[in-house]
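Student: Sequence:
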Amino acid sequence: MRPTPAHPTPARPAPASSSSCSSCVDVSLSTKAATSRSAHGPAPRASLISLALAAACSGGLLVAAGSAWSAPAEPSALPASVSPRSAPSQPAVSPAEGFYRQPALQGDRLVFVSEGDLWTASAQGGVAQRLTTHLGSESAPALSPDGRWLAFVGQYDGGAGDVYGMPATGGVPRRLSWDTGPVRVWGITARNEVLYTGATERGEAGTQLHLVSLETGERRALPVGQAADGAVSDDGRWLYFTRNGLRGDNARQYRGGAIARLWVMDLTSQAEARPLVAEGNNDRRPMPYRDGQGRDRIAFLSDRDGTYNLWSVAADGSDLRQHTHHRGWDIRHASLSGRQVVYALGADLYRLDLEGAADSVKLSFLLNSDHDQMRRRWIAKPQDFLTHIALSPDGERVVLTSRGRLATQGVGPLRRAELAYPATLQDAGRCRDARFSADSRSVFSVCDFSGETEIWRLPANGTGQPEPITRGASAMRQQLLPSPDGRWLAHEDKEGRLFLTDLRAKEPAASTRQIDQDRTGDGVSQMRWSPDGQVLAYVRNTSNVYRAQLMLYSVAEQRVLQLSSDRYAAAAPAFSPDGQWLYFLSRRSFVVSANGAPWGDRNMGPQFDRGWKVYALALQPGLRFPFAAPTELQPAGADGKDTEDNKDKGKDAGKDSSKGSGAEPKPGVRSDSASDSAANTATNTAIKAGNAPKARPAVVLNGLAERLYEVPLAAGNFDDLRVDAKRLYLLEGKTLRQLPIGPQEQKAETVSEQVQSFDLSADGRKLMVVKAAGAGAAADILIVEAGPKLPTELDKSRVLWSDWQIQVDPRAEWRQMFADGWRMQRDYVYDKGMHGVDWRAMRSKYAPLVERVTERGELNEVMAQMVGEISLLHSSVRPGDVRQSSGEPGWAGLGALLVRDPLGWKIQRVYSGDPELPSEAGPLAAPGLNIPLGSVITAINGRDAAALPDPTEGLRGQAGKQVLLQLREPGGRSRSVVVTPVDQRREARLRVDDWRYGKARRVDQVSQGRIGYVHLRAMGPEDIADFAREFYAQSDRDGLIIDVRHNNGGNIDSFILEKLSRRAWAFWQPRSPEGAKPYPNMQQTFRGHVVVLANEETYSDGETFTEGFKRLGLGPVIGMTTSGAGVWLSDGNWLVDKGMMRAAENGQILIDGSFIVEGKGVTPDLRVDNPPRATANGQDAQLDAALAWLNKRLQEAPVETPKPGAYPRPIQQ
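Numbered by UniProt numbering, the letters in the sequence shown go through residues 1 to 1213 in order.
Don't read these hints as lab results, they were simulated from the structure.
Watch out, some of these pointers could steer you wrong.
Simulated pairs of lysine to aspartate or glutamate, DMTMM-like, Cα-Cα distance not exceeding 20 Å [stated by the list, open to error]:
#: 1; residue 1: 832; residue 2: 522
#: 2; residue 1: 1059; residue 2: 1026
#: 3; residue 1: 789; residue 2: 763
#: 4; residue 1: 771; residue 2: 785
#: 5; residue 1: 1077; residue 2: 1200
#: 6; residue 1: 796; residue 2: 780
#: 7; residue 1: 613; residue 2: 710
#: 8; residue 1: 734; residue 2: 759
#: 9; residue 1: 771; residue 2: 396
#: 10; residue 1: 906; residue 2: 201
#: 11; residue 1: 381; residue 2: 809
#: 12; residue 1: 999; residue 2: 1169
#: 13; residue 1: 906; residue 2: 969
#: 14; residue 1: 734; residue 2: 609
#: 15; residue 1: 961; residue 2: 920
#: 16; residue 1: 494; residue 2: 827
#: 17; residue 1: 771; residue 2: 795
#: 18; residue 1: 1192; residue 2: 1165
#: 19; residue 1: 1059; residue 2: 1036
#: 20; residue 1: 1138; residue 2: 827
#: 21; residue 1: 726; residue 2: 749
#: 22; residue 1: 796; residue 2: 396
#: 23; residue 1: 613; residue 2: 745
#: 24; residue 1: 1077; residue 2: 1036
#: 25; residue 1: 726; residue 2: 710
#: 26; residue 1: 1203; residue 2: 1038
#: 27; residue 1: 999; residue 2: 914
#: 28; residue 1: 1077; residue 2: 601
Here are the simulated distance ranges between beta carbons [stated by the list, open to error]:
#: 29; residue 1: 946; residue 2: 255; range: 50 to 56 Å
#: 30; residue 1: 1130; residue 2: 908; range: 41 to 47 Å
#: 31; residue 1: 749; residue 2: 588; range: 22 to 28 Å
#: 32; residue 1: 461; residue 2: 1146; range: 39 to 45 Å
#: 33; residue 1: 279; residue 2: 543; range: 43 to 49 Å
#: 34; residue 1: 543; residue 2: 1169; range: 44 to 50 Å
#: 35; residue 1: 1130; residue 2: 789; range: 35 to 41 Å
#: 36; residue 1: 1165; residue 2: 1075; range: 35 to 41 Å
#: 37; residue 1: 160; residue 2: 946; range: 25 to 31 Å
#: 38; residue 1: 971; residue 2: 221; range: 25 to 31 Å
#: 39; residue 1: 218; residue 2: 1009; range: 40 to 46 Å
Virtual Cβ for every residue (Gly too), placed ideally from N, Cα, C.
Please take these sequences and the hints and turn them into a complete structure.
Tutor: Here it is in structure tokens:
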């Protein structure tokens, strides 16, 4: 374990009060007039006036008619249409426009998403009526062919959302799905069945298309695997669907293995599905229609010209036509009715007649909305967004950083001071890593007030305006530390450069100079100043990313010293208060804690736990080490106690002895030895004390690294270290320990448990302890007198900050997060050239859309479009503080496939896993229950199961609790059982376990035990545990299939590749019994043939493993080309509300410097597709191909077991 540190906005019109107004009657006519004009002329003035009157009458938001594409800085008047044959450079922006997404069209009725709700309007635009108001978001609407019904995904009952249906004119939504994962609605068939994607029926990862009746709620899965979206022809015969496609990433012109492909299937036959169009481009969102001659065609979205545009083909895949010609702005969503299409582009909706000659028309709407998600609001629990806590040097207060805001507060009733931000700030502003000045009167923080992350000084009492300290940042500044003498400010940036700023200079910003730089990409961290502010200790990697070294910078001499080698990792430097000792942690203990020899089951190598020890460097020669044991030259008193010099352990804390010969000095007293006298003559290397107290001697740099001592304390898993005059404080896991300083035999005692972090005041007298709190509770921040234990009574020591509330302006925050996300991409993405994209231009391109955002989800849409311009995977956008409902009881399931029965719900399949792990069994498979398949659940906790729309409705909130089930068994017997349902995540895992253990059983049966099977769903800690469990149990097989299909990634590829690379070079032959099988050296080496299965959804580290397997020549890869997520990341670029626009940071290159995997994926040695219908029906062509290859290979090169030859006879008889 390594110790770790720690544009002005146009105002929207205010809604008018609702009243009766005769001008409102002509709104539809005015709208039509406004949208009928040419793109080259302005909208009629009378039309805009009518729209404005309509808005005033309805209390709604005025949205003007469409305009020409214009530069973002100067939005122009909006014309009515956009020519799809021209190349628009920027969607027009009006300060009164909303953000419109995900249209659903049927006849003249249009439903779309805005403000996280569903709205309905005419397909011509005009007044829009809100259909939903729930706190949870609604998305993916679809209208029935007769226009009566509306289906959508609603986040009403927790989780990722479910399918709901309601009348198209409004009404109470009815839940239609109870899936274990995300769902997405794609349409409603002529039979009023909702078509949606959800979890696969057989448990395999990925999605499958399902139909659910709006009338009866009956659900059925369509026999098509790997389906991302789809549409059913009006006659119900043909299913058009998209295979694969990016599920979460945003990458324009993506061409990796998961490229979206259009397929078609005849639902009235058993024939396999076939491709509709040739592969090579992203083709998705099929929409069947009939052209003017009555011929069937399929409209779809494709990026075959570099931008997602609207295309169509004949039903047989011929006669490809392009209908829109946008450049630089992808069509994100589309919906078709008849030959009319409405599509989303930028933040707008456009209508196009596929058979007409007219251009696309931008639709304009009047939203009757109070825009409640744009109102200022209060964050009631800032603890949910807390990112940093720092103690003041005087130990009286802490500075809190939460949601980008700063506040200082002391214990008890002392006033909380919220620090002021610049009055002219046009966005919310964000501050990070705040710390007090030396005099505790100011706070320094990394803030983005200037548009870049610079260091600012803010009055700690909250009065007065902040002032900038640095300027001209070329990369994000990250962490800072003021010196104790108040003169210097050390800080680092994302490029790993360490800077020093003179706070007493007339212009501090001009005084900033670079003093060091990390060259490994791991940065500079854990900075600590000496008490006199003359030397700065920190850690950075000098030669590799695995072991950081202890570094020291001398202010006076302006030079850097390396105090530890790259042989051992160093961390957590801490100066003693008297300035004589520099303590630090280093991982130098390598006592084997497990697996000291290569024998034993699943031995993956020796383990070295508790490797960190405490060391000290004497900052001046001739100091006696304060932990040194008494000797005859420095004896203890005659009564067995310490001499007077040593009675008080804290009196001479942190003092050392020299390593010279002769009489040992008393603790803290300089030696008179010749060697130390010689060392003391090196005054030219001593750092002058400057403004430091006279009692603190200067640091002698010559020979400093050699004046090294080890603190007599057993090694541990230490994370942090601090020192006061009497003791060392060490954080080990979540336990804070203290070790008294002195020569007596001591051991570290516990100060407190459940500690997240801690710190000492500058004088070492006050101790801040931050203790972990329960879910949703504020961390317990304590400021106590430093000592061996916390006080018994803590109420007077608490910082009472749990009542802190932060007011936020959502629009200002959205601007800040957009800018922050843009900066972090610039400074995090592995290619500084941003894949050739003009990143500054991208900010200008998308910034106007931020002004149209009305809720947090729309900001994610803008960010997704912007980050997609770089065309990298690992580019998903995580939601952040989106509005959501709360308080609903959680989902719970029984780990089984249940189907409706007249008496209730029939158990059709019980998900099973490893039969030898009963604790891992699902609720209905628990030991002792013995529930036969075909049993019907007739009641759940006394509730009639037949009356439930889904059995999980009777289990809400019951995960982990006992539930009583009444069963009717196939033979007619009734009985009651008590089971314990599982939550949604566990249910999903049970489904996957059932799938993968089914594969393992099949491989074992078909190969008659000769071939093993290991499936890895991801590459994390749980998965290396799975590998150890399954691989070693089959290490003596002749063949092995490692299945990384649908693998989500992680970082354990090297573990697995190392084990597979081991080779048996000799064998151990037991003496008895006769014929005993020899076993290999290297132990538990797999000697057989290995195959890897990969597919389009093998991702990230699953791909790195697959590529490494190929390049190391370990065997063939069978399946399909993988996703292409080859640039890894740290996920450290969080936004202020805990959202994220992920940034791919670390590319992978070969010895010749060429990049691998990213954007293209890993190509298999043997390409085998799993056809959609066959896969949905349980067939697995890829697994069959792996078995066939291994069987053939075993015939060609059987795995031989050696037999002992003649025993040697070295003695001649």
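Student: Tell me if the beta carbons of residue 1165 and residue 1075 are separated by a distance inside 35 to 41 Å.
Tutor: holds, 38 Å
Student: Does residue 1026 sit within 20 Å of residue 1059, going by the straight-line distance between their CA atoms?
Tutor: With Cα atoms ~14 Å apart, residue 1059 and residue 1026 stay inside 20 Å; holds.
Student: Given the hinted pair residue 1077 and residue 1200, is their Cα-Cα distance within 20 Å?
Tutor: Status holds; Cα separation ~12 Å.
Student: Quickly compare the C-alpha distance for residue 961 and residue 920 to 20 Å and report which way the hint goes.
Tutor: Judged against 20 Å, a Cα distance of about 16 Å means the pair holds.
Student: Run the distance test for residue 771 versus residue 396: straight-line Cα separation, threshold 20 Å.
Tutor: Within the cut-off at roughly 18 Å; holds.
Student: I want to verify a distance hint. Is the separation of the beta carbons of residue 1130 and residue 789 within 35 to 41 Å?
Tutor: holds, 38 Å
Student: Is 25 to 31 Å right for how far apart the beta carbons of residue 160 and residue 946 are?
Tutor: holds, 28 Å
Student: Given the hinted pair residue 1192 and residue 1165, is their Cα-Cα distance within 20 Å?
Tutor: holds, 16 Å
Student: Does residue 1036 lie within 20 Å of residue 1059 when you go C-alpha to C-alpha?
Tutor: holds, 14 Å
Student: Are the Cα positions of residue 613 and residue 710 separated by 20 Å at most?
Tutor: With Cα atoms ~8 Å apart, residue 613 and residue 710 stay inside 20 Å; holds.
Student: Looking only at beta-carbon atoms, does the pair residue 946, residue 255 fall within the given range of 50 to 56 Å?
Tutor: The hinted range 50 to 56 Å holds for residue 946 and residue 255, with Cβ atoms some 51 Å apart.
Student: Using the C-beta atoms of residue 749 and residue 588, is the stated range 22 to 28 Å upheld?
Tutor: holds, 23 Å
When held up to the earlier numbered hints, the structure conflicts with none and fits them all.
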